[in-house]
Structures are given as structure tokens and as C-alpha cells.
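Okay, here's what each chain looks like letter by letter:
Number of protein chains: 2
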Amino acid sequence: MNFEFQNPTRLIFGAGSLSRLGEVVSEYGQKALIVTGGGSIKRSGIFDRAVVSLKGAGIPFAQCAGVEPNPRISSVVRGAETVRTEGCDVIIALGGGSTIDAAKVIAAAVFYDGDPWDMIRHGDEKLYVPLKALPIIAVPTLAATGSEANSTAVISNEETLIKSSISNNCLYPRVAVVDPELTVSVPKDQTAYGVCDTIIHVTETYFNGIGGTPIQDRFAEGVILTAMEWGPKALADGTDIEARAQIQWAALVALNGWLQVGTDSSRPVHKIEHTLSAHHDVTHAAGLSAVNQSWMRFAAKTRPERFVQFAQRIFGLIPKSPDDMDCAMEGIDRFEEFMKSIGCPTSLSEIGIGDELFSRYADDILFLAKDRYGNLPGRPTMNRDDILELLRASL
Amino acid sequence: MNFEFQNPTRLIFGAGSLSRLGEVVSEYGQKALIVTGGGSIKRSGIFDRAVVSLKGAGIPFAQCAGVEPNPRISSVVRGAETVRTEGCDVIIALGGGSTIDAAKVIAAAVFYDGDPWDMIRHGDEKLYVPLKALPIIAVPTLAATGSEANSTAVISNEETLIKSSISNNCLYPRVAVVDPELTVSVPKDQTAYGVCDTIIHVTETYFNGIGGTPIQDRFAEGVILTAMEWGPKALADGTDIEARAQIQWAALVALNGWLQVGTDSSRPVHKIEHTLSAHHDVTHAAGLSAVNQSWMRFAAKTRPERFVQFAQRIFGLIPKSPDDMDCAMEGIDRFEEFMKSIGCPTSLSEIGIGDELFSRYADDILFLAKDRYGNLPGRPTMNRDDILELLRASL
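Here the protein sequences line up with chains S and F, keeping their order.
Just so you know, we're using the UniProt record's numbering here: the first sequence kicks off at 1 and counts up by one.
Just so you know, we're using the UniProt record's numbering here: the second sequence kicks off at 1 and counts up by one.
If you are wondering where the hints come from, they were derived from the structure by calculation, not from laboratory data.
There may be inaccurate statements among the hints.
Identical copies carry no separate label here, and so any pair may be met within one copy or between two of them.
[Claimed, not checked] In silico lysine-lysine, DSS-like type, Cα no more than 30 Å apart, as pairs:
id, residue 1, residue 2
1, 320, 301
2, 55, 188
3, 31, 301
4, 31, 132
5, 188, 42
6, 370, 55
In this text the structure is predicted, and so the values were computed from the model without any measurement.
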């Protein structure tokens, strides 16, 4: 375990926190760009409440509305232009993970005269590495990606059909204003996808880390168990504010680095999903869920002991040995049952993806991330044939 | 769960990290004050290795050596004077928790012309609240207090026999350079006390929090289980670098806020111990261990369900009901057995404390911390009679 870690994001958490937005923003700037997604933020009244708080603090603002569910680089370009023409000096992201991701890249793009796509990892091309960004205040309206408290953004290029990411210290939001009340109107399917997203963020770390990180393992299991306990409660009653708070806190810590620190984990299931949703209009979590369990069964063959630990500590199964493959598989089956129980797809066919483009997906996945042997990083690494086998197993 | 949280400390963790000290310090200042404790830091060669790294980076330094195991306010005064006369602009704490605590208060005292004791909470007197401090680089040589990554310092006043604390955002070390290699020469008893300190930091939060914090509970259990698994390995073989790394990581996360966030927990066992070690030359963890289990038995009476959860998740006991008192008590007995097994005292008589001053201790404890009803904060709160009963039960 050798690592360097710092997460500077200030967290303001709790029901009613949105009312503090204006006061918080005024600490970091004088004119805001508010980045939002679709129309629900205005229909729900959340946008108006944010505006009341900003006006109370005397903060004028411009807008960048309509960021897509898989945020496009063209929206980033548009947002950065608005910042420049309107003279904004602080960015407010008010929405789900896509909105926050777009806001992050807008905040950095303001200081770069070239194409912002130069910042996003894509293949072997040389990248522009941002050195600074405008202060970002993230106000998540969905418990899902945890983007409000980390330094990563995922952006899609609608021309090249590549969906990829940037991670940079300057992209940590200065403040995450996390108000579970904003999530009570999230519909059932999106609530379930958020729970799925949270859990798979954790399992990616858990199964792809170096091992020998017992505290991080326990933390990961804690978040999974909590999401599995409180997710169904939020689904049963969307107005259960305690359930909403627990799953939003779970989503945040799932990806703010506390579980990842020191684990040196990669995220193969995410790379696969990024390619699928770059080609198809698929919700991120649905894409993850459709391939994740097949990935687990593939990975269990080479690292049974971690899947046995998962089966034991998440589902209380009792293994016959530390690498009891039956126990490992039983744990994965149980996990798949849970995913189904909250309404998440567990196959590609359920999300309307067939085998026509498998070869293209495999190429694109390895374009996104490959090690020096040409394989997809992860534990185990996957070659092109492994990826094709996984896709077929997910049909 | 409503809270605000930010821990800005940059963590550099791993065997060999000490060699980066000079490079790191040069990012924050030009001349350092090195704060150290007793002579072991020089005998072990750690001090010389730190000096080599500083010289390599061209960083001159002054020294404040000899900080006491329960650091005294007079050492803080001495260190601040050295900073002023030598013109230091960055503070290096190289030692255990006491050394780091003293360094923190020195860093703030430099900017205050009055008596630094004005910064430490003591009774109802008005305090000086520091607004800034010199940058602090903490290099722990012991896995115990976690002071390297939090904003708290505990200081003793040798004249008034009061031991109390300060917490302030300006006291977060800028960097914690955590090198488990520095702890391989820590003797068995201090290693055990460090494990005890770590675990009781966690149990204080776990048993005195608001409840309804399932993720924080799981995190806390994860740190306890890891310290109980790896502590005995470090005791069995002090040179086991993996065991040293695990218990040092456990000590850090036990008190860097990740487990405390949102729990609104107080620390009654610490208040009791602070009074004991202000009157007697007792190691912090030994004082904690001597009264902690009696406190647990006292608290279990009003919050059995949390102690049942502890018994269940730490020791695998199976309760008959959520408030099964037999199960709760069995968990506490098992925990006491563990403390004994690593050589920690479980009674006041073992650390040479009799009942002569119980009345004075009770007064001093309530002088340190009392709520508006005059009781010691905690769950449950304790009145003067409760404290005396607890002390008698700990004999």
C-alpha cells in the first residue's frame, strides 16, 4: 500500500442544504454559470429555489441548460462560451452526474483556447492537461455518480462515438451541497439506476484492487450493504427522506476516494459500458448492470478468493475453502437477483443491444484503455477475445 | 444526518516515504522547525534520515526537542519562541501523537502574542480562537493517535493539572508523510497501546454517535476488525511491515473524520482519561483502556441495541433480540479479553491509581466538558454520581 491522496472538497450535507447555496457561492465568486440538464429541474421547482438563494446573496447568473444524460463535448463548448461572454467566475452544477461532469470540464475549458476534447483521454493522442479551473459548486439532484465529490468527468464525443474521461485535481468541486430533499421526486427507475451505479462503483474497486487492503475492503462492503438495505426502502417510498439521505451518502462515498485509496484499482466494466453508451442511447447504470455480472463470473475464475469474501460478507454465505468456486458463484447469483429485484437489466438484450457491433465495441474498448500488452487493464486483464467472450455471455 | 466536512490534509503513505520529506517541505516553506519528543528518534536514526532528506532539498532547520509524552504548554511556548528567533516558516512534527499535537499548537501560537494556553478549551473561560497557523508537515513515528491527519491537539497544563484540547481547521497538517518503516522499532508495549488507542477512538464515535449512520457504523467496525486482526501480528513480529502498515492506516482513519462525519459524537472516555493523565504520569491509551470497558457496561444499560450490534458484527455473536443484554455484555467481555490479550490494563489499580482523588477527578472531568444540565456529554450523559460510580467500577 503506497499512495498519495487528498480530497479537498468541502461537503455540506443534509435536508434543507439547498437554502445555503447563495451564501456558499458568494465565498467563491461574483457571477455564476448555472449548468443544468433536462427540464425536470425547472418543473420540480428546484431551479427556482436555487435562484431564490442566489438572489438572496446578491449573485447574478447565466445559464447553460440542456446538458445531455451522456454529456456531449458540444455542451462543454457551449458552456465555456457562455462563461466568457457573460463574465462568470464560478460554476454551479445543478443536476445529476452528467450535469456535474459537464460543469467540471466547462470550468477547465474556460482557460484553454483549443478544443476541450483535447482534455479527454482518447487513445494514444497527446492530451492537454488543465492546470486550473473556475471554482465549481456541485448540487446533485440524484444519488448516483458521486461526481459531486471527486475529480473525474466523463464526456461523450458525438462525432467519434467515443465516451471517455478526465481526472485532474483542479476538477474537485470546491463544495458539494448535498440535499437529499432534492431527490424525493426522482422516479423509481432512476432511483434504482442510482443504487446500481453506486454499488458497481464500489465493486469495480473491490474486485480490481491489489488486495491486501483490509480497511478499504470493509469500507466497500459497508457501502454495498447500506445501498442494498436502503435502496429498496427509497424505491418503496420515494419520499422517505432517511432512505434518500442514506443512498445519497452511499453514492458520494462510493467514489470520493475513501474506498479507492491505496487499492490501485482500474474499472474494466466502466470502460465496456462507456463504449456501449457511446454507440447506444443507454443509461449508464443500465449498461453497467447488463455486463457486470458476466464480468464477475469471468473474473472469479482467476481471483476466486475475493469473490468468496464478497459472498461471505455481503450475503452471509459459508465457504468450504477460501477459493470455494461454488460459493463465489452463489454470491454472484445472489447479487444478480438483487439487481433484478430493483429492476435493473442483467443482459444486453434487455437494453436492446445485439451482437452486430461486438467487434467494433471490442476495438473501441481497447482504444479507451489498454496496457502495454494491448489488454484492457483490470484484475485479470482482458484481451480482445476475452472481451468478445464477455459480451457474448452478456447477451 | 446533517453535517459539514472537509479534511484537506494531503496523505503520502507507504514504506520509504520519509525520503520525500525535504521535497515536500520545500513546497510549503524555506526554513523548518523540527519538533521531536524523547531521545529515541535520534537513537533510531530516523532523525538523521529526515535531516538527509531536508539537506538534499536545501531546507535549513531549527529544533524543538524533548516534547513530553503528555505534551505541556511550556513546550509549546518554547517552540513558538524558537520559531520567532530562528525565523522558521514551516513546522515539521517528527514523532508520536504528543509531538504532532505540540507542533500544531506551536504553529498557531506563533501568530498570537498572549499565552498559548488561551487557545486550549478549559472550563467556561473565553478562548482565543486561532485564525491561522504555519504549515505543518506531520511525520508520525507511531501508529496511535491519528493526529497526523486531523485538526485536534491535546495539551497539558502542568501548573493547573488540566489536560484539554483544541480543534481548529487551521491545525490540519498540510501533509502527513506516513512511513510504516518508521514504526518497526516501536517496542511491544507502545505498539499495543497504539492499537488500543486506535480502537477506542473508534468505539467512542461508534457508541456516542446519534445512530442512524449505517455507513459510518460499517466503517468503524471495519477499522476495529482490522486493528484486532493486524495488531497482534505487529506485536508478534515488530518487523512485519505489512502489519505495521495496516495498523498505521487504521490509526489514521480512526480519527481523520471519515468515521465521525455526521455522527455528532462526543468522547466521554477521553474526558475521563484526560483528567487521569493530568494527575498521574499515565500513558494515554493505558488510561483509556483502564476505564473504557466499565464505561461500555454503563452505557449498554441505556443503549443495548448498539452494543448488541457491536457484539454481533465484531465477535459474530448471535443475539436473541435487538436489545439482548446478555449478548451486549458478552461482546464487552470479549472485547475486554482482547485488550488483556495484547497487554493493556483493564482496571485503574493496574496503572497505580486508587480511589483517593475520585472526587477531584469528577470535578475536573466536568470542568473539561459539561452540557447545560451540568452533565458530561455522551450517550448517555453522565452526572457526577455516574462518574464516581464508573470510577469505582474501574478500580
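Results for each hint:
Taking identical chains as interchangeable, the C-alpha atoms of residue 320 and residue 301 lie at most 30 Å apart only when both belong to the same chain, with a minimum of 17 Å there against 39 Å between chains. Proximity of residue 55 and residue 188 under a CA criterion of 30 Å is satisfied in neither setting, with 33 Å inside one chain copy and 61 Å between copies. Proximity of residue 31 to residue 301 under the C-alpha cut-off of 30 Å is found in neither arrangement, the shortest distances being 54 Å within a copy and 55 Å between copies. In this homomeric assembly, residue 31 and residue 132 come within 30 Å of each other (Cα to Cα) both inside a single copy, at 18 Å, and across copies, at 28 Å.
Taking identical chains as interchangeable, the C-alpha atoms of residue 188 and residue 42 lie at most 30 Å apart only when both belong to the same chain, with a minimum of 19 Å there against 62 Å between chains. For a Cα distance limit of 30 Å, the shortest separation of residue 370 from residue 55 qualifies neither inside one copy, at 48 Å, nor across copies, at 41 Å.
Checked against the numbered hints listed earlier, the structure breaks hints 2, 3, 6; every other hint is satisfied.
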